[in-house]
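K.L.:
Next come the chains, spelled out residue by residue.
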Amino acid sequence: MMFARFSLLAVVVALASGCANNSPVLGGKNIGYGDTKAVELVTNEFGSTDLQMIAESMTRSLAQSGILQGRPVVQVYDVKNKTSEYIDTREITTSIKTQLMKSGTARFSSDNTQMQSQVDQLKLQNQSGLYKKNTVAKTGNMIAAKYRLEGSISSIVKRSSDYKDVFYKFSLQLIDVESGLAEWMDEKEIRKTTER
Amino acid sequence: MASRVLTIAMLCAAVQLTGCAAFRNYDGELQQTNQHLSSGNVDAALALLEKNNTGEDKDLLYYFEKGELLRSKGDLAGSQTAWREADSVVFKWEESVKLDTDKYLGQFGSYLVNDKVRRYEGYDYEKVMLTTQMALNLLAQNDFDGARTEIKKTHEREAVIAELRDKEYLKREEQAEKEGVHTEYKDLKGYPVAALDAPEVVGLKNSYQSAFSHYLSGFVYEALGEKGLAAPGYRKAAELRPNTPLLEQALTELDKTPAKNAGSDVLIVVQSGLAPSRDSVRIPLPLPISGNLVITPLSFPIIKEDTSTPHFAQIELDRKPLNLTALNSTTAMSRRALRDDMPGIILRTSVRAISRGVAQKQINDVNPLAGLAVGLASAITEGADTRTWRTLPDATQVARVRLSQGEHVLNLPSNLGGTQVKVNIDRPYQVVTVRVVGNRVFAGGPALQVETPPAAQSVATLK
Numbered sequence: 001m002m003f004a005r006f007s008l009l010a011v012v013v014a015l016a017s018g019c020a021n022n023s024p025v026l027g028g029k030n031i032g033y034g035d036t037k038a039v040e041l042v043t044n045e046f047g048s049t050d051l052q053m054i055a056e057s058m059t060r061s062l063a064q065s066g067i068l069q070g071r072p073v074v075q076v077y078d079v080k081n082k083t084s085e086y087i088d089t090r091e092i093t094t095s096i097k098t099q100l101m102k103s104g105t106a107r108f109s110s111d112n113t114q115m116q117s118q119v120d121q122l123k124l125q126n127q128s129g130l131y132k133k134n135t136v137a138k139t140g141n142m143i144a145a146k147y148r149l150e151g152s153i154s155s156i157v158k159r160s161s162d163y164k165d166v167f168y169k170f171s172l173q174l175i176d177v178e179s180g181l182a183e184w185m186d187e188k189e190i191r192k193t194t195e196r
Numbered sequence: 001m002a003s004r005v006l007t008i009a010m011l012c013a014a015v016q017l018t019g020c021a022a023f024r025n026y027d028g029e030l031q032q033t034n035q036h037l038s039s040g041n042v043d044a045a046l047a048l049l050e051k052n053n054t055g056e057d058k059d060l061l062y063y064f065e066k067g068e069l070l071r072s073k074g075d076l077a078g079s080q081t082a083w084r085e086a087d088s089v090v091f092k093w094e095e096s097v098k099l100d101t102d103k104y105l106g107q108f109g110s111y112l113v114n115d116k117v118r119r120y121e122g123y124d125y126e127k128v129m130l131t132t133q134m135a136l137n138l139l140a141q142n143d144f145d146g147a148r149t150e151i152k153k154t155h156e157r158e159a160v161i162a163e164l165r166d167k168e169y170l171k172r173e174e175q176a177e178k179e180g181v182h183t184e185y186k187d188l189k190g191y192p193v194a195a196l197d198a199p200e201v202v203g204l205k206n207s208y209q210s211a212f213s214h215y216l217s218g219f220v221y222e223a224l225g226e227k228g229l230a231a232p233g234y235r236k237a238a239e240l241r242p243n244t245p246l247l248e249q250a251l252t253e254l255d256k257t258p259a260k261n262a263g264s265d266v267l268i269v270v271q272s273g274l275a276p277s278r279d280s281v282r283i284p285l286p287l288p289i290s291g292n293l294v295i296t297p298l299s300f301p302i303i304k305e306d307t308s309t310p311h312f313a314q315i316e317l318d319r320k321p322l323n324l325t326a327l328n329s330t331t332a333m334s335r336r337a338l339r340d341d342m343p344g345i346i347l348r349t350s351v352r353a354i355s356r357g358v359a360q361k362q363i364n365d366v367n368p369l370a371g372l373a374v375g376l377a378s379a380i381t382e383g384a385d386t387r388t389w390r391t392l393p394d395a396t397q398v399a400r401v402r403l404s405q406g407e408h409v410l411n412l413p414s415n416l417g418g419t420q421v422k423v424n425i426d427r428p429y430q431v432v433t434v435r436v437v438g439n440r441v442f443a444g445g446p447a448l449q450v451e452t453p454p455a456a457q458s459v460a461t462l463k
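Top line first, the protein sequences correspond to chains A and B. So in this note's numbering, spot 159 of the first sequence is number 159, and the numbers just go up one at a time. So in this note's numbering, spot 247 of the second sequence is number 247, and the numbers just go up one at a time.
Heads up, some of the hints might be wrong.
Straight-line C-alpha distance at most 16 Å; calculated EDC-like pairs for lysine to aspartate or glutamate [what the hints assert, rightly or not]: (1) B/Lys167 to B/Asp340; (2) B/Lys152 to A/Asp50; (3) B/Lys92 to B/Glu156; (4) A/Lys146 to A/Glu178; (5) B/Lys92 to B/Glu50; (6) B/Lys227 to A/Glu150; (7) A/Lys82 to B/Glu226; (8) A/Lys169 to A/Glu150; (9) B/Lys167 to A/Asp162; (10) A/Lys188 to A/Asp50; (11) A/Lys82 to B/Glu253; (12) B/Lys167 to A/Glu195; (13) B/Lys171 to A/Asp162; (14) A/Lys82 to B/Glu239; (15) B/Lys227 to A/Asp111; (16) A/Lys80 to B/Asp255; (17) A/Lys169 to A/Glu85; (18) B/Lys227 to A/Glu91; (19) A/Lys82 to A/Glu187; (20) A/Lys164 to B/Asp166; (21) B/Lys227 to A/Asp78; (22) B/Lys227 to A/Glu85; (23) A/Lys82 to B/Asp166; (24) A/Lys82 to B/Asp255; (25) B/Lys320 to B/Glu407; (26) A/Lys169 to A/Glu195; (27) B/Lys152 to A/Asp111; (28) B/Lys256 to A/Asp78; (29) B/Lys73 to B/Asp43.
Hints are computed from structural coordinates only; laboratory data are not their basis. Predicted, not measured: the structure shown is a model, and the values here were computed from it.
Kindly produce the complete structure, drawing on both the sequences and the hints.
P.N.:
Right under this line is the structure:
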């Protein structure tokens with residue numbers, strides 16, 4: 001009986017171990033997948049860790065502020081890049097947007113870049129005569145934003161023969177469209193120093 | 001017997017070497033190619049380029065020149081294919097630098113090999129200009145998304161170069177200290193120092209950052225609606241060329257809401273002339289060889305500006321004068337590259353000459369004939385590296401205008417033949433590029449049409 005129980009356990013363990021990902025690996029001498037959350041310190045320019053840190057800290061702050069009651073509609077504007085570095089600021093707002101959306105705290109209206117595609121699609125459905133009447137999206141039903149989210153990123157870079165110091169400041173604010181009042185605001189500071 | 005074998009081997013090696021890159025007269029090859037280009041005979045220029053590069057293993061220079069010649073011919077797809085090859089060579093270089101910077105610097109700093117025997121890996125400014133020119137090819141076909149990829153590559157590459165040069169200059173200072181070589185280019189008697197110390201050369205931040213590349217990237221990002229990325233492009237350009245109203249205006253206009261009228265934002269890019277050539281000059285330097293100071297003639301590169309195309313700063317747009325803003329000078333960048341490289345070149349050339357002098361003296365003591373052979377071989381191999389991308393345009397000037405959609409006419413100055421270019425504007429953002437060499441005008445893409453000027457026609461009929 002005892003033997004049977006052990007055997008069963010052994011079989012379960014063996015089966016479970018078979019569940020691990022055993023996909024074959026091709027090539028890959030010096031190539032490997034890394035942890036996307038690993039702290040990146042390759043150079044002291046703006047990097048993946050900075051993007052993640054800013055997005056995470058802003059999302060947490062905004063979600064915990066209590067402003068976003070009842071999943072309000074927010075329109076995201078471009079974050080103004082005041083640095084001399086090619087930082088894709090849209091990726092920061094996309095990360096913030098994704099995290100807020102996933103946690104169900106806010107809804108987002110079409111932003112500047114998506115608006116044209118949205119209008120084009122509505123026009124196509126209503127004016128081309130190509131679609132079944134009862135499936136056509138009606139015009140005049142788009143939901144307007146209650147808040148707009150906008151911000152900026154700036155940097156101060158100082159160099160000496162031995163050091164390079166970069167200071168980033170990212171600030172974001174949520175403004176009530178009707179009243180024009182800033183309802184929430186936060187900033188994230190990052191300092192990176194390299195010794196040569 | 002052994003010494004005779006050694007002598008023969010030495011002579012054989014010298015003869016063998018004459019067949020390799022060390023003896024390629026790149027200046028001579030490209031002078032002829034460029035003559036064909038300036039006379040408008042691009043096919044002859046291409047044929048000559050092929051004739052001079054018959055080997056299987058083509059180098060970076062071949063692809064650089066071929067891409068530019070095909071672009072002048074109007075074959076934008078062919079030009080992109082050639083430049084893709086060049087880009088993959090530069091990409092490999094970039095990877096090797098990123099993987100092991102110290103190893104790369106160690107190899108480059110090697111004293112054993114003459115610079116001109118090395119495989120050509122391109123000057124930093126050439127690497128930056130390569131992707132900029134590729135972006136212009138794509139923009140001539142209104143492919144802004146494709147151009148965005150090239151532009152992103154340009155500034156990523158620029159960052160790799162900046163990091164590498166930082167380390168290189170530090171390492172070189174240490175090596176110069178170790179080897180006891182303290183000669184500076186200003187100490188070279190007879191060397192044209194003034195050309196390297198000209199204000200337009202010293203005024204550049206470095207040899208590889210181009211205000212034009214950054215301005216173009218600003219324009220492309222703006223056209224794609226990415227203002228967050230357009231701003232640093234314009235800002236960097238303004239930092240590289242301070243007090244340029246065009247660049248400062250681009251930044252202030254970026255924050256304004258775009259005008260509602262149906263006009264187009266047009267960037268007119270006029271690239272003129274040819275990149276400068278490199279030549280070799282011999283300058284005697286006293287070197288410590290076996291305890292004595294021996295005056296040894298050493299070869300150093302100099303930059304020779306191209307004079308095929310007169311300078312101009314104005315063209316006509318729809319019969320009205322249009323001022324151009326100069327954003328790039330390949331001559332200044334090339335001089336700056338040489339200015340920054342000179343300490344390294346002096347160090348490597350001197351150390352090589354010292355070790356060669358010592359070796360020659362030792363062989364001379366044993367066998368004067370073998371010593372002579374060594375001296376002969378080194379006299380042939382020593383000479384500055386004169387290879388450089390020669391068909392690259394020298395000056396890049398721009399003007400940004402708002403134009404109504406439809407046909408417009410560009411006229412070049414009359415001293416350049418007064419060629420007329422018809423431009424069709426049909427997009428909200430458009431880049432119009434014109435290339436001028438001598439009094440010939442080249443333009444590619446569906447929006448442009450070069451009209452042969454009446455003067456040139458009459459000359460042609462007279463013939």
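K.L.:
Hint by hint, which ones does this structure get wrong, listed from lowest number up?
P.N.:
2, 5, 23, 26 and 27
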